[in-house]
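Given next are the chains, with one letter for each unit.
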Amino acid sequence: MKWLLKRGWMYAAMLAVSAFALFPIYWVVITSLKPRSEIYTRTPDLWPSDPQWDQYPRVLGEGHVGRALLNSLIVASGTMVICLLVSAGAAYVLARYRVRITRILLILVLMTQMFPLVVLVIPLFVTMRKAGLLGTYWSLIITYLAFSVPLAIWVMRGFVLSIPDELEHAARIDGATRIGAMWRVVLPLAAPGLAVTAVLSFLEGWKEFLLALTFINDEDRKTVPLVLQSFVGRGDTDWGAVMATSVLYTLPVAVVFVLARKHLMTARTAGAVKG
Amino acid sequence: MSSAPAAVPAGRSKRAPRPPAMAIARRAVNRLTLPVLLLLPSLIIIAGLVGYPLVRTIYLSFTDTGLGDLIYGTSEWVGLENFKEVFTDEHLRTSLVNTVVFGTACVIGTMIFGFAVALLLNQRLKGNLLFGIAVLLPWAVPALAASAIWKWLFDARYGFVNWAMVNLGFDGFQDYAWFADRESAYVAIFITVVWQSFPFVALSLLAGLQTIPKETLQAAAVDGANAFQRFRLVTLPLLRPIVAVLVIFSTIWDFKIFDQIYVMAAGVPDRSADTAAVAAYREGFALSHYGLGSAVAVVLFLILLAFALIYVRLVGKEGEFS
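Chains as they are written, first to last, in the numbering used here: chain A, 1 to 275; chain B, 1 to 322.
Same shape as in the complex, but just chain A:
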């Protein structure tokens, strides 16, 4: 009886926490499936009486959301590719060469991750304007490197550290050059780390809002966060459209998180990951 009382209390807490975590997500999904009359009512149904999918083709077509998803995909992919190419080498060096200067660089890398973007945005805006890049994908891809590269270096360095030095030494004794050892020994072993870093740097680009808000005006170049913001900012918000957009925007991230949750925690211990 005492056991039941104690455990029962814990199960109740578990259910309450799950409800807090999941209910908003559930509510978004069902709101996106409700017809207008069931959204704008003072007595909302907890279950859509007649789920309708037409909200989705509507936002994808009319609301620029389809275009925005494509824009976000392009920007996030571009950020991911360049970020990986640039930071892999640096992560390797900062893991393998342990001297004073690399330690200082490492601290610098770590600290840049913590800077508020708002302290960088005005000069970045001027630079992009002078370069004639305002309103382009490149303005976002380039500036997103400012925070994705430090993050990627820090996370990947953790993975390189977990690969024993001896393997590389062995390869080099067998006649491989340092680059050869990197390419044939370190790279294959670091593949999971590269994958996690790829996902994380993609998400950085997928989620970013402040710089996109500053650089992008053209309706055709807006990323998803900008479209969501312009929906919510209006007086007569079309909540059905907002919810359908939120579902489309979040779904890929949620799938990746659930599939890669173990790796995400490994990456977390190596560096910082923030939603």
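A few of these clues could be false.
Said to hold, decoys possible - Computed cross-link-like contacts, SDA-like style, restricted to lysine to any residue with a CA-CA straight-line distance of at most 20 Å:
# : chain 1 : residue 1 : chain 2 : residue 2
1 : B       : 317       : B       : 241
2 : A       : 262       : B       : 207
3 : B       : 214       : B       : 242
4 : A       : 262       : B       : 133
Unchecked claim - Facing chain A, a subset of chain B residues (Cβ under 7 Å, in silico):
# : residue
5 : 46
6 : 289
7 : 290
Stated by the list, open to error - Cβ pair distances, simulated, as ranges:
#  : chain 1 : residue 1 : chain 2 : residue 2 : range
8  : A       : 74        : B       : 48        : 42 to 52 Å
9  : B       : 84        : A       : 77        : 42 to 52 Å
10 : B       : 156       : A       : 49        : 18 to 28 Å
11 : A       : 103       : B       : 48        : 20 to 30 Å
12 : B       : 229       : A       : 77        : 49 to 59 Å
13 : B       : 129       : A       : 167       : 18 to 28 Å
14 : A       : 22        : B       : 214       : 29 to 39 Å
15 : A       : 100       : B       : 30        : 17 to 27 Å
Hints are computed from structural coordinates only; laboratory data are not their basis.
Cβ atoms here follow ideal geometry from the backbone N, Cα and C, with glycine treated the same way.
With the hints as your guide, set chain B onto chain A.
Okay, now just chain B, sitting in the frame of chain A:
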């Protein structure tokens, strides 16, 4: 590894023996070429996209830069005028106070709730895997989507929160406008931020809890410590390093919070719920007071820099840099 040193003229290599100093220098160049080449792209990016803008913003914060000045570089040095204004202007000063008070509240709320959830996850109840996934999911929701979702839940007329409150017997929540004043807007945004941030804290602490040997806790139990004493005297001290890092992380994230405030607090009268990051942004890009906006950003930066330095010290102690 044949790139740079090959630049030594061919004629010279026949001249033997080479002075040893040259050989040592050559070998040093040889050894340094690869790491420098690998580091260079990242360093250029960090210097160009973080270092330069940071220095530039600090410079701007001492000038009266307006819209035209920004492009053509015609602004005047005004010394500490902007910083004086940051601390005397009602709106800007409020935004700094908001940042510290609201940010601290979010950190405390996230840490307490996250810790409770971590302890619960560590009980390994039936259904723990599903519970873990449920806890993980809010973390996956991008800030802009989370802001939109919670703004809808807190909608005055059709929102779920007001409907539930009225049904629970609190009639005062009929059509209650959460975003009509600063305090209630902050309640809504606080819940949004905690909802998004607790998974990270809970899962990190769970990882920490799982490293505590069962024997240690059993030994304490044998010695007569009750559950609360075991938590306070064994678990908590062992988790202190992780807790410290999480508090610093949360503080940095919650103090520089932008997206949620920009979207959710936009309708609050007099923009009284703006935090420093939003105020700095608006001062610059909405009002074209780039100098003043930079000053607000620099103040925020200095506050965060203090926390970042503490963090670096903590990580350094754990031997991460060695």
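Here is what the structure says about each hint:
1. At roughly 10 Å between alpha-carbon atoms, residue 317/B and residue 241/B fall within 20 Å of each other, so this suggested pair holds.
2. Restraint check: the Cα-Cα separation between residue 262/A and residue 207/B comes to about 11 Å, which is no more than 20 Å; the hinted pair holds.
3. Between residue 214/B and residue 242/B, the direct Cα distance comes to roughly 19 Å. Compliance with the 20 Å bound is thereby established for this hinted pair.
4. The suggested pairing of residue 262/A with residue 133/B holds, with an alpha-carbon distance near 11 Å, which does not exceed 20 Å.
5. For residue 46/B, the interface hint holds, since its Cβ comes within 7 Å of a Cβ in chain A; the closest pair sits about 6 Å apart.
6. A distance limit of 7 Å between C-beta atoms decides the matter here; for residue 289/B the minimum to chain A is near 11 Å, and the interface restraint is violated.
7. Interface restraint check: residue 290/B against chain A, minimum CB-CB distance 6 Å, threshold 7 Å, status holds.
8. Checking the proposed 42 to 52 Å range against residue 74/A and residue 48/B shows it is violated: the Cβ atoms sit about 23 Å from each other.
9. The beta-carbon spacing between residue 84/B and residue 77/A, approximately 46 Å, falls within the hinted interval of 42 to 52 Å.
10. In this structure, residue 156/B and residue 49/A meet the distance hint of 18 to 28 Å, their C-beta atoms being roughly 24 Å apart.
11. For the hinted restraint 20 to 30 Å between residue 103/A and residue 48/B, the CB-CB distance of approximately 22 Å keeps it satisfied.
12. Our hint of 49 to 59 Å for residue 229/B and residue 77/A holds, since their Cβ atoms are close to 53 Å apart.
13. For residue 129/B paired with residue 167/A, a C-beta distance near 34 Å fails the hint of 18 to 28 Å.
14. For the pair residue 22/A and residue 214/B, the supplied restraint of 29 to 39 Å holds, since their beta-carbon distance comes to about 31 Å.
15. As the Cβ distance of residue 100/A to residue 30/B is approximately 21 Å, the hint placing it in 17 to 27 Å holds.
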